[in-house]
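Student: Each step along the sequence shown adds one to the number in the numbering used here, with nothing skipped, and position 25 is 103.
Be careful, since some hints might not be right.
Distance windows between CB atoms, simulated [unchecked claim]: (1) G107 to G85: 28 to 36 Å; (2) Y94 to E115: 25 to 33 Å; (3) S124 to W102: 27 to 35 Å; (4) G95 to Q121: 16 to 24 Å; (5) G95 to L123: 28 to 36 Å; (6) H110 to I90: 12 to 20 Å; (7) E100 to A79: 16 to 24 Å.
Please keep in mind that the hints were generated in silico from the structure rather than gathered at the bench. Keep in mind it's a predicted model, so treat the numbers as computed, not measured. Note that the Cβ used here is the ideal one computed from N, Cα and C, for glycine as well.
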Amino acid sequence: ALADEHGHHPRITIEYGRATIEWWSHKIGDIHALDVELAGLTQELSVSG
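Please work from the sequences and hints to get the whole structure.
Tutor: See below:
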């Protein structure tokens, strides 16, 4: 839902015992302010559970 709301989709890697979510702006080949914002929101979701 978070990614769809912002029209920006992360790379998600699921491994034994953990999931990694990477926000990256492919169009600019770097991290954008939106990536940082979405990373913070992702962290809030993981903490609130």
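Student: A separate judgement is required for each hint: does it hold in the structure or not?
Tutor: Cross-check of the supplied hints:
1. Separation of G107 from G85 is about 18 Å and departs from the stated range, judged on CB atoms against 28 to 36 Å.
2. Checked against the given bound of 25 to 33 Å, the beta carbons of Y94 and E115, roughly 30 Å apart, stay inside it.
3. At about 18 Å, the CB distance of S124 to W102 disagrees with the hint of 27 to 35 Å.
4. At about 18 Å, the CB distance of G95 to Q121 agrees with the hint of 16 to 24 Å.
5. At roughly 18 Å, the beta carbons of G95 and L123 sit outside the given window of 28 to 36 Å.
6. Remark: the range hint 12 to 20 Å for H110 to I90 is upheld by a beta-carbon distance near 18 Å.
7. A hinted range of 16 to 24 Å for the beta carbons of E100 and A79 is consistent with their spacing of about 18 Å.
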